[in-house]
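Which chain is which? The protein sequence lines are A and B, in order. For the first sequence, this note's numbering begins at 4 and goes up steadily by one. For the second sequence, this note's numbering begins at 843 and goes up steadily by one.
Please note that the accuracy of each hint is not assured.
Unchecked claim - Where chain B lies over chain A, by a calculated footprint (3+ residues, C-beta under 8 Å):
no.	segment
1	128 to 140
2	269 to 278
To be verified - Okay, the calculated beta carbon distance ranges per label pair:
no.	chain 1	residue 1	chain 2	residue 2	range
3	B	N911	A	G161	58 to 68 Å
4	B	G906	A	G161	26 to 36 Å
5	A	E85	B	P991	39 to 49 Å
6	A	V23	B	M1064	47 to 57 Å
7	A	R112	B	G906	49 to 59 Å
8	B	I1061	A	H157	37 to 47 Å
9	B	N849	A	V191	21 to 31 Å
10	A	P109	B	G906	20 to 30 Å
11	B	Y972	A	D281	30 to 40 Å
12	A	G161	B	I847	32 to 42 Å
13	A	H157	B	I847	31 to 41 Å
Hints in this document: simulated from the structure, not taken from any laboratory. Just so you know, even glycine gets a beta-carbon here, dropped at the ideal spot from N, CA and C.
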Amino acid sequence: MRALLDIQDLKVHFHTRDGVVKAVDGVSLKVEAGQIAGIVGESGSGKSVTAYSLLGLIPMPPGRIEGGKALFQGTDLLRLGERELNTYRGRKISMIFQDPMTSLNPYLRVSTQLVEPLAIHEKLRGKPALHRAIEALEQVGIENAATRIHGYPHEFSGGMRQRVMIAMALITKPDLLIADEPTTALDVTVQKQVLDVIRELQRETGTAVIFITHDLAVVHEMCDTVSVLYAGRVVESAPAAELIRRPLHAYTRGLYRSNPSAHAKDEDLYSIPGLPPDLARLPGGCTFRPRNTLGVASLCLTERQPELIEHSPGHFVQNCPGCLAAHPSSAHA
Amino acid sequence: MLRDISNRLLQGLLVLFVLGTLTFFLVHALPYGPFQDEKAVPPHVMERLEKLHGYDKPLLTQYGLRLKNIVQGNLGVSIKVMEGRQVGEILGQAFPVSLTLGLIAMSIAIAIGIPAGIFAAIRKNTTVDYAIMAVALLGICLPAFVIGPLLAEFLGGRLGWFPVSGWNPRDPSSLFLPALTLGLVSAAYLSRLTRAGMLEILNQDFIRTARAKGQKGSIIIMRHALRGGLIPSIAYLGPAFAATISGSVVVESIFQVPGIGRLFIKAIETGDETLIMGPVLLYGSLIVIANFLVDLLQIWLNPRLRTAKAS
């Protein structure tokens, strides 16, 4: 069966004064209809740029899509003009953003913003549109929706605003929802509630979700499949349950090791040494080599970039001998 | 809300009181007075004149009398420039002229400046943007006494489209050149402020949200960006309006417009205290009112200010 979204070898570069920043450099991933696909990685690993480029939301210039395809229901989104993209944006593919405090227009009533997608994509206005909007607010768990809808964003708390964003994104019943770190800016207690809302609505509507986060715990709570991004490339991708059981790549193993809950009390917290590489001056070969402490760095590829191979059915990993090797002194499988 | 308004009114009155007091003592500190003339004035005439206008009394007594009269709405008579005529009456004739001129000028400024600024912001860092901003810079740098005669020469003289000078309330075309001269400077400032305001808003996350919804670019500008983007321009409009009316001295001279500006200059030259005080208080009230209206407009534009005021 054809995947709902099939991103193939996506390359997005930013042409800056410091040179060409290869923010996304050959990302491939698939999203099946009705599934939640997680994208994990550090800041600057290319998670958000991948997502934004699908809807043409990369500022161009300086950004430029250098290559690849993003087949959505068979149509390559990257080839579409602004006008054609507008028939996808907010209708077939919706998006929610990291910071709900700034993502809603402070000058407009919530109602105005909520009915907007209906007016654009369904030509629905006036009372019927307002009713749909109130319904949508109720679905995301906002009480007194019929009165609160006439308020302004600043009258809502952060968690409530993110709920409004979710309601706005799902009001047109899109096939795909892109959630770009939707809980990062929220309190921990509120995070949980917002995640529950997303998951519940996802189950009800069957919308597929691309869930971008840097929190592995959240990934396992939410996602069916996971792609781990590093320096603009996918280093490992697998069904979520498989990945936690058998992380292969040294970077993925490092991410799991650096999770506080994986440690016994009083044990020092593991952290991956160093910083992500400068995307304008990527080293040749394996980009993770300088930080590889859980594999054998000396075995890492230096001449060419490692390819993504299917290690076992459905489990893809970058084929770098150094990153796949177990550290000699490590008991970790 | 009502309390805010009455507060602001009280503040405005206080401003006018301080303004009037300063003006009174500054004018009386001038090294020349309204009774001097090119020819020496005989001492007994001088005495009579001073007595007539109350200048023989101690300064503080004079101040008290003036204050009392002004509070009662009596601005006094012109001492020198229009000797013996009521200042209120003089202003009543000249002010409508200045006000009309100012209103047309501001309309021109808004009609040119704001669309130009929006356009420049949308086309940021393109030739169009640079061209608009270059013209705006020129408009800011060139003083009215350069722009005015140039406009008079080309639009009035060579093309003959508009009268070069004079003021005829029944012929609107006679108002055009002075108003254009006045309006262009404000248009230049407005376009730069609007561009900056729009650029700031267009970089906000909520604009990205609107794009992600599939909204058209033109509606994003009109519905999502304009309100916030215009706030700096609106803040400028109030004082600019007052300044346009009061600052039209040069333009009124160039185009022979019988407005307040020219009277005001003559009054200062002669130390005609009553005829200075009248326009000063008038301009002062204008600025107070304009700023107040701008505040109301800001509250209307920005919902976050509304609750801040209410709480």
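Structure-based check of all given hints:
no.: 1; hint: 128 to 140; verdict: violated (count 0)
no.: 2; hint: 269 to 278; verdict: violated (count 0)
no.: 3; hint: N911/B x G161/A: 58 to 68 Å; verdict: holds, 60 Å
no.: 4; hint: G906/B x G161/A: 26 to 36 Å; verdict: violated, 60 Å
no.: 5; hint: E85/A x P991/B: 39 to 49 Å; verdict: holds, 48 Å
no.: 6; hint: V23/A x M1064/B: 47 to 57 Å; verdict: violated, 36 Å
no.: 7; hint: R112/A x G906/B: 49 to 59 Å; verdict: holds, 55 Å
no.: 8; hint: I1061/B x H157/A: 37 to 47 Å; verdict: violated, 23 Å
no.: 9; hint: N849/B x V191/A: 21 to 31 Å; verdict: violated, 43 Å
no.: 10; hint: P109/A x G906/B: 20 to 30 Å; verdict: violated, 51 Å
no.: 11; hint: Y972/B x D281/A: 30 to 40 Å; verdict: holds, 33 Å
no.: 12; hint: G161/A x I847/B: 32 to 42 Å; verdict: holds, 34 Å
no.: 13; hint: H157/A x I847/B: 31 to 41 Å; verdict: violated, 23 Å
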